[in-house]
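Asker: The residues making up each chain are set out below.
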Amino acid sequence: MSKRLIPHNKKEVLDIVRGVVNDEKSIEIIGAGSKRGWGRPNKTSALVDLSKISAITLYEPQELVMTAGGGTPIEDIQAILSENQQQLAFEPPDLSILYGGIKGAGTLGGIISTNLSGPRRIQSGAARDFCLGFDAISGRGEEFKSGGRVVKNVTGFDLAKLLSGSFGTLAIMVSITIKVLPKPEKTRTALVFGLDDKQGIQALSETFQGPFEVNAAAHLPADIATNSLIPLLNNRTLSVTAVRFQGPATSVCARCQGVKALWQSYGEVKELHGCNSASLWNEIGNVGSLLNGQTDQIWRISVPPSEGANLVAKIKSVVQCKTYFDWGGGLIWLAADGKLTEVGMAIRSVLGSIGGHATLMRGSAELRLTSDVFQPQTPVLSRLTRSIKDNFDPTHVLNPSRMYEGI
Amino acid sequence: MRMPIPDANIIAQRSEIIERLQQIVPRGEFGDSVIIDSAGLRAYECDGLSAYRQLPLIVVLPETTAQISRILTFCNEIGVKIVARGAGTSLSGGALPLADAVMLGLGKFNKILNIDYANRAVITQPGVTNLSISEAVSDADFYYAPDPSSQIVCSIGGNVAENSGGVHCLKYGLTTNNLLGLEMVLMNGDIIKLGGKYLGSEGYDLLGIISGSEGLLGVITEVTLRILKKPETARAMLIGFNNAALAGDCVATIIGSGIIPGGMEMMDKLAIEATEEFVHAGYPSNVETLLIVELDGPVVEVSDLIARVQNIANGLGSNYIRVSKNEAEREIFWAGRKAAFPAIGRITPDYYCVDGTIPRARLPEVLIKINEMSQKYKLRVANVFHAGDGNLHPLIMYDANELGELERAEEFGREILLLCVDVGGVLTGEHGVGVEKRDLMEKVFTEEDLKQQQRLKCAFDPNGLLNPGKVFPTLHRCAELGRVHVHHGETSFSDIPRF
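Line by line, the protein sequences give chains A and B.
Each number in this note's numbering comes from the position in the first sequence (counting from 1) with 5 added on.
Each number in this note's numbering comes from the position in the second sequence (counting from 1) with 10 added on.
Rather than coming from a laboratory, the hints here were simulated on the basis of the structure.
The beta carbon of each residue, even a glycine, is placed where N, CA and C say it ideally should be.
Hints may contain errors.
Unchecked claim - Chain A stretches covered by chain B per the calculated footprint, using a threshold of three residues with CB under 8 Å from any CB of chain B: (1) 64-78; (2) 248-260.
Unchecked claim - Short, incomplete list of chain B residues facing chain A, as computed with Cβ under 10 Å: (3) G213; (4) E224; (5) V333; (6) E440; (7) V454; (8) T456; (9) K461.
Whole structure, please, built from the sequences with the hints as guidance.
Answerer: Below, the structure written as structure tokens:
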């Protein structure tokens with residue numbers, strides 16, 4: 006068990022990093038530790054727990070901006086935003102079922118570092134689109150900042166984007182400034198039942214070709230829909246295709262009616278309101294309850310939406326798996342038996358001809374060591390990635406090999 | 011403006027460089043692809059920041075990615091600097107030539123390669139103008155959201171390099187938020203592809219750092235963009251106030267009430283008068299400050315939101331409200347705003363456009379201080395402002411033929427930018443650092459902040475040959491930046507509580 010260090014402020018983080026640089030050691034950085042199963046397993050000399058760097062230091066609702074410590078619990082942030090009828094528009098999922106952790110756990114730093122974004126990603130953008138600036142300690146043991154507290158900012162390189170999704174391999178973000186947005190007044194979800202993957206994605210695509218401003222779009226095959234806790238979905242053995250509308254009430258109702266009319270020719274059409282609508286999109290974003298095999302390996306695959314069904318058909322012809330689609334068909338969640346080592350190979354071989362990327366989101370430590378957890382890179386891109394790592398963390402003290410071996 | 015000292019050794023090799031470039035990019039159907047005569051080079055001597063001019067060593071106009079790769083490989087080997095140029099509309103001198111650098115003109119990369127409605131994406135070459143993307147997909151009722159005011163001429167490659175915004179980025183984001191993929195050539199000639207018609211990045215978010223990197227990291231040769239379905243309707247409102255503070259309150263209240271308009275612009279009296287004189291947009295003459303607020307979306311939603319915004323404006327004592335009745339009227343409302351820069355150009359021999367961003371709430375005090383500065387520097391200033399996102403564009407009027415006026419205007423601009431930083435904002439919202447704000451970077455960033463940014467450049471361009479002298483006030487060698495500072499005896503590692 007590695008030693009756990011709990012810094013209380015930026016100075017203490019700085020001291021820790023300088024210490025490990027001098028001692029030629031390495032550290033794993035965690036917030037709540039809720040996503041430690043995501044990435045290659047790594048052995049480090051100590052665990053740096055940022056949970057005490059957790060203050061919300063700035064929140065100006067009218068400016069749509071918040072600054073908080075990297076270790077701030079996401080639940081605290083969501084609670085204070087909610088009091089002000091605001092939200093994180095990128096809708097970060099709660100992966101606690103996937104990783105077997107505490108419900109709702111997770112920190113701002115963890116979410117930005119993994120660029121974790123939910124169903125609304127297709128309209129609002131990813132976590133990285135909301136990260137305006139940060140204060141951080143590099144793997145060189147130096148303090149630096151980038152960005153600011155305003156949305157429109159091209160003052161220097163946008164390092165906030167680089168650090169978003171870098172899994173703590175470049176720097177430790179002690180303070181992060183994010184853009185927040187108003188909560189929608191009303192939400193409604195339209196459903197159509199009984200479509201196969203190809204028809205389902207076609208039905209989703211048609212909603213994007215019309216003036217419906219859909220902000221989430223998913224297709225759940227029958228074997229997945231049956232795992233939903235929503236009676237309307239689990240009391241029949243049919244696939245379900247769903248789109249969500251949010252905004253002012255009159256607009257939401259009009260758009261929902263529009264899509265229902267459009268979908269009449271596809272099959273039985275229903276709508277979900279309030280709690281049921283919210284539950285459905287939580288289930289889709291949070292993954293774990295829909296793909297509920299405890300020992301399954303789980304993959305996340307991003308492809309051009311029109312290729313989603315095709316890709317899944319090809320993979321299923323090679324390996325047995327369960328899948329569902331988010332992001333209008335462009336995001337595929339795939340579960341297969343955890344012992345099958347050929348799943349990753351099959352996915353990536355099909356991806357090669359389509360374009361996109363796949364990430365092993367959950368798997369045994371052994372599988373995560375022997376498979377490429379993140380999409381393998383071309384030699385040129387791999388060289389560039391290594392060079393960036395070396396320029397931020399030359400002695401590889403921060404989360405070494407978490408993303409790629411030697412990075 | 012102090013620029014890196016030209017390398018005499020490179021200038022001495024000019025004929026050999028020309029010969030090699032002519033081999034790589036042969037003479038084309040319409041003439042030479044390597045421009046070497048001073049009349050030809052003159053066309054490239056400046057970009058949109060015309061106060062600074064410099065003839066480039068050579069201009070080369072390649073047509074293919076392979077040619078660019080060969081040019082960069084060659085230049086990297088013998089240490090020749092490269093300045094890439096799209097349409098040359100940068101307002102910060104991002105495409106200002108260097109006396110010892112090859113200017114790489116991307117004007118021949120002018121084709122839209124693929125339009126894919128099913129995946130809502132367009133693949134285009136970088137020299138295509140911003141507006142042509144929207145025009146190309148307009149028949150299917152799609153559009154490309156970022157719309158800088160220069161959109162009829164500015165190139166998409168330049169938009170990526172500068173992370174351009176526009177009046178609609180409040181709701182739809184900047185270039186970086188609408189970029190799906192890139193092909194680019196690194197300084198060593200390597201060609202990389204990033205992203206595609208799908209979301210998210212494989213590995214580090216390189217798309218995110220290329221956006222707004224001002225030509226310092228690579229040369230963009232292909233761009234994949236997200237396109238959006240046009241909103242069912244869009245209506246613009248003109249809202250007048252007797253003072254800027256009330257207009258500022260109106261902006262804050264609209265956003266505070268949960269409404270994110272498609273665009274929300276502010277103009278002061280001088281800007282209103284100048285544009286009205288120029289385009290006759292029907293702007294009121296009896297207001298001190300004018301807001302243009304655009305609501306877009308489904309018809310029912312827009313009607314509802316217009317009524318809410320009207321209520322907010324009335325509640326704050328607006329003395330003029332007009333809502334566009336049709337598309338033509340909406341366009342004329344915007345025509346005024348989009349022509350604000352040339353309109354100011356008509357009433358003054360020269361003007362200097364400043365570009366800072368501030369937290370919205372600080373607007374009234376910032377405007378008061380800008381007016382005080384206007385008196386101090388004895389130069390008039392008109393203010394146009396992307397009010398929704400706090401991006402300020404004061405236009406300082408001067409006469410370059412009057413001794414010392416340009417210097418006064420620049421000093422005035424610098425003082426405005428430092429004020430923006432003082433109130434919690436930044437030096438540049440969308441025009442870029444370039445050469446213009448380069449020397450102010452040290453006012454915002456510490457030495458280590460800037461070094462860490464330069465280390466990122468080292469990963470892409472270790473010899474520092476891409477667009478040097480821009481963005482960073484000091485050039486460091488990568489070897490020097492790479493050294494790790496050892497902090498012996500400075501740590502209190504043992505004091506940290508632990509389990």
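Asker: Now, for every hint given, state plainly whether the structure supports it.
Answerer: Against the structure, the hints come out as follows:
1. 64-78: The restraint on the segment 64-78 of chain A holds, since 6 of its residues have a Cβ under 8 Å from chain B and three suffice.
2. 248-260: Result for this restraint: holds, n = 6.
3. G213: holds, 5 Å
4. E224: holds, 8 Å
5. V333: violated, 17 Å
6. E440: Holds: closest Cβ of chain A sits about 6 Å from E440/B, inside 10 Å.
7. V454: At 6 Å from the nearest chain A Cβ, V454/B passes the 10 Å test, so the hint holds.
8. T456: Result: holds, 7 Å to nearest chain A Cβ.
9. K461: Status holds, d = 8 Å.
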